Every structure is written in C-alpha cells, then in structure tokens.
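K.L.:
Join these two chains into a complex; the hints should help.
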Amino acid sequence: MNVTEPGRQNALALRGLYKRFPTRIAVTGIDLDVPVGSFYGLLGPNGAGKTTTLSMAVGLLRPDAGVASVLGVDVWRDPVEAKRRLGVLPDNARLFDRLSGPELLAYTGLLRGMDPATVDQRAAELLDVLALTEAGRTLVVDYSAGMRKKIGLACALLHAPRLLVLDEPFEAVDPVSAALIRDILTRYVAGGGTVIFSSHVMAVVEGLCSHVAILDEGAIKAVGTLEDVRGGRPLEEVFVEVVGGRTATGEELSWL
Amino acid sequence: MALTQREQRDLPPDDFATVPGAADPMVPLWHFARLKLRMLGNGFRGRPARVLSFAFGGVFGLYLAGMGFLLFAVTAVGDPQAWLLAASFGGTALVVGSVLLPLVWFGVDDTLDPARFALLPLPRWRLVSGLLMAALLGVPAAAVLIATAGLLIPAGAHGGGVGAVAQLLGIVAGLLLCLALARAVASAFASVLRSRRVRDLAWVLIACVAALLGPIQIAVVSAISQADWDRIATVARVLGWTPLSAAHTVGIEIAEGRPWAAVAKLAMTGAALAVTLGWWGRTIESAMAGAAAGTTTPTRVSRQGACAELLPRLLPWLPATAFGALVAREVRYWWRDARRRSSMIMIVVIGLFVPLLVTAGARGIPVHGDGVGFDFSLSQASTASPITVYLTMLFIAAFVTSMLTNQFGYDGTAYATHLTIGVRGRRELQARAVAYSVFMVPLLVVVGAVMAASQGSPAVAAATWGVLFAGYGCGLAVNMFVSVLAPYALPETSNPFATGSGQATAKSMLAVVGLLGAAAVSVPVLVAAALLGDAWPWLALPLGAGYGVAAATLGTYLAGDVLDRRAPELLATVTPNR
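For the record, the sequence lines run as chains A and B. 225 is the number that the numbering used here gives to position 225 of the first sequence; each next residue is one higher, with no gaps. 341 is the number that the numbering used here gives to position 341 of the second sequence; each next residue is one higher, with no gaps.
Worth flagging that the hints you see were computed from the coordinates, not collected in a lab. Owing to the predicted nature of the structure, the values given are computational and were not obtained by experimental measurement. Virtual Cβ for every residue (Gly too), placed ideally from N, Cα, C. There's no promise every hint is true.
Restraint-style ranges between C-beta atoms, simulated for each label pair [as the list claims (entries may be wrong)]:
id, chain 1, residue 1, chain 2, residue 2, range
1, A, 131, B, 549, 14 to 20 Å
2, A, 62, B, 549, 30 to 36 Å
3, B, 263, A, 144, 19 to 25 Å
4, A, 237, B, 125, 50 to 56 Å
Over the 10 Å line for every Cβ pair with chain B, so calculated as not near, a few chain A residues [to be verified]:
id, residue
5, 36
6, 38
7, 95
8, 234
9, 235
If you only want the chain A side, here are some residues facing chain B, beta carbon under 8 Å, derived [said to hold, decoys possible]:
id, residue
10, 60
11, 94
12, 110
13, 120
14, 188
15, 238
Just chain B, same shape as in the assembly (with noise of 0.2 Å):
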C-alpha cells in the first residue's frame, strides 16, 4: 500500500475500520477544551496552594480586564477621535503584547504541551485549531475579551446595532489573532532554538530586545505627546489598517459609514489569522519533534585541579571551603543559566535607564510611562525634588534584588544536592547574596555615578549610593524571606519560555510583594534623607550602606533558620510535578 501520508489522512474514517478500533481522526475540537480543563482541575486536586495562586491570578487578570474595559467604554461620550486612539493603540498593544509578553515575562501556559499529541495521528490543522481552542480557557483569553468588550460600547453608541455586530465579529478576530500569534511565537523559538546553546543565547538577546521595548516606548510616548493631536489621529488610522488594531477599529468604519472599509479589515485580520495559524503548524511540527541533544564539542581537557577549576579566577578573594563553593557556584549560574542571565540582563538595562528618565522628567521633558511598569511612572511626579529621586532609587535597588524571588526555583531538583549534604541555611543564604553582588553591586556603583553625572553634581553620587545600597541589603532581606517562604517550581522543558500551568500571573505578584517589603523595610533611610537634608549627601554612604548590610546580614540569618526548618518541604515545592 503506496499511500502517502497526505493520501492517508483525507481518507474517510470507514477505510480505517480495517484496523479494528483504531482512532477516529477526526477528534471534535471541544476534547481539546476538555482536556485541558480536565488537565487544570487535575492539576489543583489536593493542592490548595496552587488553586489559591490560580484565583489570585484570575483576580488580577480580572482588574487588568475591567480596567481596559472602562478604558475602552469610556471613550462612547466626547470627542470621538478619542475612540480612534484607544481603539487602534489599544488593539495595537495588545495584539504586540501578546507576540512579546510570553517570551520574556508571563510564558506561555504549557498545560497542553504540543510534544504530548505527537505519538497521535491528528493532522496538523485539527491540531492547530484545538491547541487555539483549548487556549482560549484561560486567563489571558478571557482578560483579553473582556477588556476588548470595552469596544462594544462606542460602537454601539455611534454605530448602532450594525456598528456593535461588527465589532463583536472584531473583537473575536482580534482575540483569535492575539491567541495564535502568542502560541505560534513560543512554537517557533522553541523549535528554532535547537540546542542549547543556541538556545541560551537567543534567549539572552530576547531579553536584551525587550529590555529596551520600555525606553523606546517611552521615547516614541513622549516624542508624540508633543506633536499635534491630529497628526497623532493619522498614525491611529495607519495603523488601523495594519493587522496590529484593523479587528479593533471595524466599529469606526460602521459609525462613519464605510461598511466596505469594516469588512475590508475582518477581511485582512482573518487573513493575517490564517497565515499565522500556518505558520503555527509549520513550526508545531518541529516543536513537536523535540529539542535534539546539544551537541558535545570536544573541550580540551584542563591540566589544574577541580577546586581551581571551580573557583573563578576573576574573583581570587573567594576561599577553598564550603562558603567559597556555593559562591562560585552562584555567580557561574547567574552567567551559566540562561533564564538568569537574561533577568539579569533585563534587570541591568533597567538600571540604567530609569536614572536616566528620573532625570530627563526632571529637566521638564514631558514623560508619560502608563503601562510600562511601577518603576517608570514614578519618574511621572519627578520634579527635581530629591526625596523623589531618593524613592525612585529605593525602587530600583528593590527592583534589582526581586530576581532573587524564587532563586530555588532556578535550581529545581538540583537543590536536592545541598539536602543530602546538609549545608547550613544561613551559609547558603549568605552565600546568594555575595554571589549576587558580585554582579549587583558594581552595577548600584553605576547607577549612583550615572544620576551624579546627569544631574552635574558629585554629592549626588553619595547620596544616591547611600540609599541604594540601603535598599538593596533590604530587598536582600526581604526577599530571601520569600524565596525560603513562598518558591515555586519552574518547569524542565525544551521551551525556555514554558511556565507552570495557571501560575504565570502568580509569580509576578510574589516579585510585587518582595518589592514592597524591601521598599516598607528601607523607609527608615527615606526618613533620615529627609530630616538629615543637606547633610545626608555626606552621611548617605555609611548610614545608607550600614543600615543595608545590617538588614541584609539580619535577614540571611532569621531566613536561614527558617530554610534549615523547611528545606525538604522547599525541595518538594521546586520539584516539578511528576
């Protein structure tokens, strides 16, 4: 029998009876739905703590959701070129959030992972059609919907019933689009991304790529904000007929009668749909193959012994003991690690840049940061008034030290070796955080020279420096705590992208809450900046620098008890499901 595999699958199901009780290709789309609600209950059976982190999340998907949607609905009273900027910005972002998001923050839910349909005879589309389907149960999706419904409104108000049916058919386009454009993203780089190293690379410059999508965003933001309404009016409507906001701005067509342009633009969202949802199978298939094993290139084999191998060169202070060890271990893997040395990388562009914007928001430039992150729209309020710039340095330091959240996440089972050893907690904890400074400090040191050379004045550098290492030794602090306290398990797959299932929204509430702590815990700093005035530039940097070793030093103590109380319920936690 000389069927191709083509041939084979357009055959009717009756030509396959000839095997007795094989499957029926033809698997109805809403199994795929079943299943993954089915994974997800299975999932939460006797883990409270997981279906907690689950509403939590759907909590605030939810408040991100009503919030988008009042942005949207509000715009049905005013001027209506109101309604043309949110519509196409709106659609815009959401449709390019969602092709950037889950490669560098959020992942994509894994949940059905297409490397398990692929020992099944479904072929390709049928596959495609219900990993979309199964995507549409989640957070993300219904977040997306209703913020999106927001657009009903206007439309109906202007457009009446035809103008809200056609934009209904939009918003559905629309979140179909972002759907399928976020799956076919993480497919691709999954399957592109073969080896390892390769792998780890890429990932590394995703994250540089994204690093910098808030600076120029924030460029173009304010570049715009001082050119004239109108000409801002054009871009909306360019890019209303681009596939990025065409589903979101149908409504308008309908409203100022142009029923040929509303089906125009379904037309081109479904097209760009469909050549998406190919390109998802293309790169399905692959995906679907497996990472193949990193290829072993000879290394030439070292003539010095393992503890000098182990011990970095560049950091000759570290001793032979066990101390010395686990920091030579840290800072290899924050190098090492792929999915750490692109935080950190992230974390360094960060870094930089916010000094810098504090200091442009100060100099009268107008600055409009919604939508980036709580760093950046601090700078909003910044007028040169020094307790703001304090704050804002506060934040950063404390942003800096939340990749530390779920460091034992980042070791998973591997954390097992420390058990079976029995290192100390309070060792292991100190050690972290002398790894982690190795790189962290030098880049604070730079921070504090970058806002004193922007702001043209040497006392700034002390200042700043005194504040940053004070909240820097308390996010240590504080978030050492959480990640002894509150870990989660990072998932090993191929997909470097990959999160756990319903978790994703989770995680970046324990950074939020590291982030406050350490902020709560350094306000006694903020206090003495503002009474000690102008005498703080000359104290800042052995009160500031004190009061952050000492909370730091606090901190890895009290954590470090609690860590050696709990390290096996810790290593439970890191270990991915079985």
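Only chain A is shown next, with the shape it has when bound in the complex (with noise of 0.2 Å):
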C-alpha cells in the first residue's frame, strides 16, 4: 500500500493501526503523519497507548490491523528495508546490558552489517559527544538511568537513521543529561532527519517540538503543528483540556 501523498513524503505514516490486548484495547485506530524533517511530540497520560503504537510502528508488536509506513516503506511487509531506516529507542527496554558501551555500540552496529572501521569511528565520536568514554568498561547493567537512556540513543543514531522512534527519552534523565540529548536530536533534525517521541514532560515538548499529537484512550484526540494545537494558550491547559483531567476546586481534600 502506498502511503506517500503526491508531493510530500511521511517519514512515518500509520493507518487504521488498532491493538486489542486480552483485557483491553489498548490502540483503537490511529492515523498519523510524520513529516520528514518535523520534530514530532506524541503526548499523553499513562497507558494512553503511546508506547504500544510506537511499538507497532517500529515491527515490535505486532497490530490486529492496519499499515505502518516508514519513508513509503512497509515495517510488517518489508520489515528488512524499513528497519534499514529507522533508529529505535524502546521504553524501559532492557538493552544487552552485560557488554560494556563501546561493546554494545559495536554488536548494535555490526548487526547492522556496518562496516568495523566505521563502527569504531562513529562509536568513539558518539561516546565521546554523550560523556560515556569515561565509563569505560563498565558494565551497562551497572550505568545510571540516564547513562543507559544515553547509549540507547547512541545504539539507535550509529546506522544514521532518516527516522528515529524514541520512547520516553528523557524519562528519569538527569538535567544535564537531558540538555545533551534536546541538543543532539535537535542538531540531527536540523541535518534533515525526522524524530518522533512520546512524553509527558510538557516544557520538553513545547520547547523543541514542530508538531504535536495528543493520544488518549487509544485515540487521537489532538494532531497538527504546535501552534495548531496550541492556539495561543500554554500546551499545558490544552492537554488537560484534551484528556477530560479535572482541576482540583480547592472543596475536596480539605483535611490536607
């Protein structure tokens, strides 16, 4: 199925994809797409169904139904040339975490049929640029959260993707790690490559965000650039807004 619209290619586009676990359905249809060259912010509360639909974007999880296309190609029919083009960070994945960094880097890459020489260039430079050289041969089972959330980018930016898919990246990252990350993935979108993330963390959202979705519930509930979205007010109010949160009245809770 093609995907792609006359004159303006998605560097993802995910059509109808629907999910239904044994207890739930957690991915009831979802359209959406990513524009090469945007920054794309996927928002919602817990158990929206973020992480189940990235993972189904990626060829994780498999979908009850529908198609999702990476740059016109389709992860579950070509799965090969589609994960050719895309750099993936799972949510709270375990990575191999028995190898050491530069050792992970280095399986992630020849894996990926690379090279040697240029694994251990880009897998020198990306240590050095993420602060993880010091680490040496630390185990990355015994890194810190943000350390690990560092070389997953690391392992999905070595192939040079056009796509990156990232789950949660900037979950329980330390500040200074979190600014490295804002100016990494800003600087790679800036070089042409397109970048779609899930969060809750609004400011990080707002602040590097081209275009924004808010997922509720399975659903979409709000989808355009940020200023669409946003209309004028902070994106804060409207995703509370969007997702039917309340506000507290100041009556309940009285005894706090």
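P.N.:
Pasting the structure below:
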C-alpha cells in the first residue's frame, strides 16, 4: 500500500493501527502522518497507548489491523528495508546490558552490517559526545538511568537513520543529560532527520517540537503543528482539557 | 511526640484514630492468603497458556506427592524399621530439599515479594506470618502436605489414635518448617548479596555446591548400602532427634511408648520453626530495602576500537560481521550472566561426574541413584554393556543442550534490539549454537576422554565421542525449536532465585521435553552403533559427528524460519509482566 501523499513524503505514516490485548483495547485505530524533517511529540497520559503505538510502528508488536510505513516502506511487509531506515530507542527495554558501552555499540553496528572501521570511528565519536567514554569497560547494567538512555540513543543513532523513534527519551534522565540529548536531537533534525518521541513532559515538547499529537485512551484527540494544537494557550492547559482531566476546586481534600 | 518505632507498633489501634482513616495495623492473616489467591487469579486472566502450565505443574506436583504418600504409607505393614528409615530419611530429604531446591532449581514463587510491602505499616512478625500463610497456598506446600500425610497410616496402625494425632501435629509442624526454611534462605541470600558482582559470584558458588550434592549423596548412599541395616537405623534415630526429621518421627515415639519423646520432638521442631521465622524476619527487612545499585568501579578506558573490544581475543577466527558479533555476544553472555554461568557450571560437573558413575556401576560397586535424576538412575542398570554406556552418553549430550530450552528467556526484553535491527532467524540460531558449542564441545571431548581413561581403552573414546556429538547436535536442533516455540519470561527482580508465579514446575518439564525429543531424534545413531558392533568405534566419529552437525544445521534452518515468523510474539512472551 502506498501511503505517500503526492509531493510530500512522510517519514512515518500510520493508517488504522489497532491493537487489542486480552483484557482491553490498547489502540483503537490510529492515523498519523509524520512529515520528513519534523520534530514530532507524542503526548498522552499514562496508559494512553503511546508505547503500544510506537511499538507497532517500528515492528516490535504486531498490530491486529492497520499499516505502518517508514519512508514509504511497509514495516510489517518489508521489515528488513524499513528497519534499515529506522533508529529506535524502546522504552524501559533492557539493552544487552552485560556488555560495556563500546561493546554494545560495536554489537549494534555489526548486526546492522556496517563496516567495522566505520563502527569503530562512529562509536568513539558518539561515546565522546555523550560523555560515556569515562565509563570505559563498565557494563551497561551498572550504568545510571541517564547513562543508559544515552547509550540507547547512541545505538539508535549509530547507523545514521533517517527516522528516529524514541519512547520516553527524557524519562528518569538528569537535567544535564537531558540538555545534551535535546541538543543532539535538535542538530539531527536540523540536518534533515525526522524525530518522533513520546513524553509527558510538556516543557520539553513545547520547547522542541514542530508537531504534536495528543493521545488518550488509544485514540488521537488532537493533532497538528504545535501552533495549531496550542492555539495561543499554554500546551499544558490544552492537554489537560483534551484528555479530560480535572483541576482541584479547593473543596475536596480540605483535611490536608 | 518522641515515641520509638517499637512503642508506636504496640499502641492500641484506637490511638491511630488521631490520623483519620489511618490503616489498622492488625491486618488479619487471611488477608495475605486472599491477596495471594487474587494475584494468582489475576495472573491467569486472559492467559490460557499460564493456566495450562499451572495445571501441568499441579498435576506433576500431585504425582510426586502421591508417590511420597505411598512410600510413607506402605511402611505400615512389615518391618517397623522400614517406617523409621522412611520417616527419618524422607523427612530429612524434605527439609534439606526445601533449603536447597529454591536456590538451585525451582526458585521461590515471588507472587508476594516482600519488597512490595515495604511501605505498608506492618509489624515484622505479622508480615512474616502473613507471608508464611500465603506460602501455604501453593503447589509445593500442597505436595509436601499430601506426601507426608502418608505417615499418618503407619502412625495410626502402630500407635493408634494418639499416635495419629501426634503425627498429624508433626506433619503440620514439619510443613511449616519446610516452607519457612525455603523462604528464609531465599530472602537471606537476596539481601546478603547486595551488589551485582557479589551476587553473581555467590550464585555461581551455590551452583557449584548444589552440583556437587548429587555426587556426594550417591557416594553416601552407596557407602551405607554396604553397611548393615542396624547401623543405618542408628543414623535414622539420630536424625530423628535433629530438627531435620524430628517432626516426621513423632508417631514412632508414640508407637514405641515414649510420649515424652514425642512431646520433646514437637517442641524441638517448634523451636526450629521459631528460630527460622526470626531469621527470616530479620532478613526480610533488609530484603525490603531492596538491593543497592552496584558500585561502579573505575575501569580503565581502552584505546582499541569498539569492534576489537566486542570480539573475544581468544576466538581470533570470529569475523567482524553480524554473525561474528552474535557469537561474540553469546559467548560473553554465557560467562557474564550469572544465571547462565551457574547453569553451565552445574552442567560441567554433572557431565564429568556421570561417566565416572557409569564406570563405577560397571565395576559392580552398588550404586543407588534414587531421587537424583534420570541421568543417574540410568546407571543403575549399567553393566559394562556398550549400549547402556552409549545411551547414558546420549542423555548427557542431550542434557547438556537443555540449557538452551529457554535461551530467549535469558535475554528478556533485550531481544527487542534484534527485532528493531531485523536479525535473520537462521543466522541468530546458528550463532547461538556456535557460541554454546565454544564451551560445550571441549566438555564433550573431555567426557569421552574420561570415559576412555576410566575403562582403560582408547577405542572407547572414539565410540563415545561419536555418540556424544550425535546427541549434542540432535539436542541443539530440538532445543532450538523448543526455545522458539515455548519461551517464557524470567522476572527482572533483584532476587536471582525468583521465578514467575506458578511456572516453576512447568519450566522444568520443558527441559524434559527437550531432553526426550533429543533422545528420540538420535535413536538412529544408537541403532547404527548396535548394528555395527565392533566396527562402530572406527566409524563413530565421522558418522556421529556428521549426524549431529546435519541435525543441528537442519534444526537451526527450520526453527530459524519459525523464529522469523513469530519474533514479535516471542518478544511479547519473554517480556516480564507489566
């Protein structure tokens, strides 16, 4: 199925993605277009279906219905070709953490069929930029949460993909590492790459993204450029309104 | 308000009412039981596979329990000394087993992980008794109860109603002791082993000790089988006066007219239970605090390239390709992952020990391998017959590969890496087979050499190598399929001994399935060995190794295609529950 619109290609296109777990419907038919060169934020409260959606988009979780395509290639019909263009940082997925940082990068690069010399050079550069060189031969299992996110990001970037899919890249990351990750991603987008990431930190999304989609109860509730969705208001206000949260009136919890 | 923690706990519930709606600290014990049942039930919801595996586990446990029951019950007739021996040694085996088995093989069901209660205002003893209560609701507890209930029959037959009642008390006390010991040991080790490094090391040490237990037990049993029965009965009586089997021999004291001794034995078991619970209570608090993050020791920054670091220097033939990287990672993981390493050490010890046992059996030393496992019991029948030797070798080879039964479970969610990259199934399985063989082929070579040395004939080495490699190749093939088709998740907890709830028995059955499958596939080699007779040693190596390589290649090709089709489902299965 060709989902590319004439004249403008989508880095990621989702059509009618649907996933049902034994006890509940996680994603109820999602359509989403991520234009090339966009910095896309996927917002949603806990349990909204962000991870499920992204997992189906990158080929980790088989959808019950629907199509996901990366730069025009169907992820589920031609996984090899699609995955070549894709860099993924899965949420809370353990990496092969009994390897050291350099070993993990070498492993990822060689598995992707890259030339060993290129792997060596890029790994050294990534470790240096991400301030992981000092960790030396420390195994990833002994890394801190922030270091783990950074090495995960390095693995996703190693083969210079055209699309980065990041699940909660800023969760449990200290401010210094978060700023570093932000810088790298901004530079990547400026260089023509596309990023889609999930988050529930409004400030990060507002500061970085060109496009936003708000996901709740497995469906997209608001989508468009940041300005469209925001409509001149703070993003947080729009978000709480869209997902139907409540604000404390002052009557309840009076005993506090 | 300067109340100590202790004083606060002792306050009557009314004083807590100053905080409106504060929880009543006197949680009834049956709440724990209900919680456990609810968690088991919720775990089953929408997971028919888990229900099935739990049911299989239950049936398996019931079968063992029934055997135990019969063993104890049948001593009601005949020599009363048999009763003493069964009760004393059976009880000792149960108590020792409940200390060791959770550590090495089955793991402790962590449905109610103490860490989950860390933030609740529960007094320590109430948490301990509540968890003990919850432990009573499980297949192992039910199995031990049913098995030891068999003791009621000789107790009733020889000691009348009083004997049966006293023995009933003993059975309950013994069951509680077993459960408390199992929990306390697991909890103690989980908390002692704080840093990952120490934990890994200790896990390996425990595996070594446990692997040596089989050999030690067999040596002891074969030694006492040469001694006279009266001396063994003395040993049994002494054991009966230790907490190991005091509870199980209560009925005997009543039957022999020593009610004071029965009371003393019950008191002894009670005291042992109290000490165990106290110990458990102390370790549980540190276990609740959770394992601290491993200390990062400063390591030197290497100057070589990343690829050179990944590929082990000891394996210079590994190419810097995807295949080489897969093999290198697997090789490093067999060594660096404590779970894998300890399994491997047990395999090595057993693999080296069994050939000696076979030889010993062939030389006419009486050997009774009851209760240790299939591989030992095979040797009972061994008289120097070559086919028996080959059969045992076949089982060793197949047993060696049974560590691959849940190879994807070891990886857990890390397997997502392969899925996002898109690793071909065939290449993945071939690399795993090659990496495992890096360790196991040398072992098999040594096993064959040990076999030849112990029988004093070099021809034996060639013959056994042939059978070993054939069995190993078939085992690889079968276990590749099992690992792709029936993987299961291992929990990611700080407790290295934990297994998922309700899975312990089912998981060992999968290994047995792999074992039997491998044996079945390698039957042609045995047939060839039988038909060729004296010519076999000369043809064994090319024929056996060829058959093994062919089977393994075919297995990885076919299972690899299955893996390609169901890789996302496999990832979902090995992902620990959300």
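K.L.:
Determine for every hint whether it applies to the structure shown.
P.N.:
Hint by hint, here is what the structure shows:
no.	hint	result
1	A/131 / B/549: 14 to 20 Å	violated (47 Å)
2	A/62 / B/549: 30 to 36 Å	holds (34 Å)
3	B/263 / A/144: 19 to 25 Å	violated (58 Å)
4	A/237 / B/125: 50 to 56 Å	holds (51 Å)
5	36	holds (20 Å)
6	38	holds (21 Å)
7	95	violated (6 Å)
8	234	holds (32 Å)
9	235	holds (28 Å)
10	60	holds (6 Å)
11	94	holds (5 Å)
12	110	holds (4 Å)
13	120	holds (3 Å)
14	188	violated (18 Å)
15	238	violated (29 Å)
The structure fails hints 1, 3, 7, 14 and 15 (numbered hints given earlier, in ascending order).
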